[in-house]
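S.K.: Sequence:
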Amino acid sequence: MPDRLIAVPDLLRALHGRSRSLGLAPPAAFLGDWHDHRAVLVPSVHLEPVAHPAAFEDSDHLVVVYRSFPDTVPGAAPPLPAAVRGEASGWLCLDGEGRWSRHGDAPDPARVMRDHGADRDKDALRGDDARTDRLPHWSAPDRAAHRSAVVECLEAIRAGEVYQACLSTRVDGNLRADPLETFLEISGHAPASRSAYLEGPWGAVLGFSPEEYLVRRGDQVRTSPIKGTLAADLDPGLLLGSAKDVAENIMIVDLVRNDLGRVADVGSVTVTDLLAVRPAPGVHHLVSTVTALTTADNAALVEATFPPASVTGTPKARARELIAGWEPRSRGLHCGAYGFALGRDLELAVAIRTLEVTHDGRVELGVGGGITIDSDPDAEWAECVHKAAFTWGGGPPPW
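In the numbering used here, the protein residues as written are 18 to 416.
Some hints could be false.
As the list claims (entries may be wrong) - Ranges of calculated distance between the beta carbons of each label pair, as one might list FRET restraints:
| id | residue 1 | residue 2 | range |
| --- | --- | --- | --- |
| 1 | Asp252 | Gly121 | 14 to 24 Å |
| 2 | Ser165 | Ser76 | 42 to 52 Å |
| 3 | Asp395 | Arg295 | 20 to 30 Å |
| 4 | Ala396 | Asp271 | 22 to 32 Å |
| 5 | Ala157 | Val283 | 27 to 37 Å |
| 6 | Leu255 | Asp88 | 25 to 35 Å |
| 7 | Pro332 | Asp395 | 20 to 30 Å |
| 8 | His78 | Thr312 | 19 to 29 Å |
To be clear, the hints were calculated from the coordinates, so they are not data collected in a lab. Using N, Cα and C, we set each Cβ at its ideal position, and we do this for glycine too.
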């Protein structure tokens with residue numbers, strides 16, 4: 018089969034089958050817009066838990082990584098390790114013309130399909146041929162707790178403690194299919210610009226983020242925070258007419274400028290795109306872009322800007338303190354970051370719209386939004402539901 022005819026789902030399934038049959042670590046996948054490609058597939062990478070300072074250390078190999086939101090609250094531990102990292106000596110890239118390219122010691126895609134494609138396809142379909150079986154089964158989230166958090170946040174804004182804060186809720190469920198099949202099912206009907214699949218003995222990450230956290234090429238760094246959300250069936254122009262959404266976005270742009278300024282060359286921090294309206298699964302977003310120049314290494318760059326500005330608040334330190342008291346559960350990977358590094362290059366997404374799956378099939382999803390003085394608790398809850406709807410195929414929530 019010619020490389021340009023091999024579809025991403027088919028090759029990813031075949032790579033997964035190859036790993037199982039050869040006793041290798043599973044593959045990782047990055048779909049959408051990563052490193053100027055439509056897809057980056059890592060045929061095999063051993064992802065193991067690490068202390069977060071080591072997650073972004075330099076390497077001569079491609080480094081696959083995620084890091085969870087750093088703040089925790091008492092109670093049940095998050096479902097996945099706080100950070101994982103793995104190094105790979107080969108990877109495959111899909112360009113805009115549909116051609117696959119091999120890097121390092123990556124196997125030939127056509128040979129992978131010939132040797133492992135058919136068996137993996139049969140395994141994938143056995144017992145999971147119904148679309149609903151491949152989607153998560155969700156329980157009702159705690160709407161009352163979220164409303165209480167929003168009300169307390171509004172009181173803090175009126176008191177002048179913060180100007181804006183991001184508040185999240187957690188949705189619990191279970192998978193009825195192989196995590197890879199769930200990932201491919203959701204990717205098929207709700208493609209996101211920063212999707213990712215990571216797997217290890219600890220579980221799996223099914224990321225469908227629309228938000229870029231850090232993109233680096235040499236000394237050039239870019240970040241594109243999202244603030245402002247509207248349901249996809251409404252006029253996207255309403256976002257630019259919303260005082261709440263515009264103010265929220267501009268406040269976070271200022272916070273991003275401050276974060277990057279910690280490690281950027283003096284005078285290099287620039288807002289290159291302000292208040293762009295962009296589509297995402299189930300919603301429209303307001304997105305701005307900030308760039309900078311820096312000679313800091315990747316670990317220092319992440320440390321200066323983490324957690325991402327758009328999922329915290331302003332002022333950032335006080336917002337994080339208050340969020341830990343308002344939200345009843347730790348965020349886990351939700352609002353952290355996932356992606357990869359290749360030398361000085363760095364590609365990270367904000368870990369929103371991200372399913373955290375344990376080895377026994379339990380799954381958690383964090384969803385949230387930014388609260389300003391103009392926020393309405395019921396509208397904020399509706400925004401959470403809109404953001405989660407891609408996991409059940411849209412429409413009313415299944416609980």
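S.K.: Each hint should be assessed against the structure and marked as holding or not.
M.R.: Results of checking the hints against the structure:
1. Asp252 - Gly121: 14 to 24 Å: Given about 47 Å between the Cβ atoms, the range is violated.
2. Ser165 - Ser76: 42 to 52 Å: holds (44 Å)
3. Asp395 - Arg295: 20 to 30 Å: holds (26 Å)
4. Ala396 - Asp271: 22 to 32 Å: Since Ala396 and Asp271 have Cβ atoms about 24 Å apart, the given range 22 to 32 Å holds.
5. Ala157 - Val283: 27 to 37 Å: violated (51 Å)
6. Leu255 - Asp88: 25 to 35 Å: Given range 25 to 35 Å: holds, Cβ gap about 33 Å.
7. Pro332 - Asp395: 20 to 30 Å: At roughly 27 Å between Cβ atoms, Asp395 and Pro332 fall inside 20 to 30 Å, so the hint holds.
8. His78 - Thr312: 19 to 29 Å: Holds - the Cβ-Cβ distance for His78 and Thr312, about 22 Å, lies within 19 to 29 Å.
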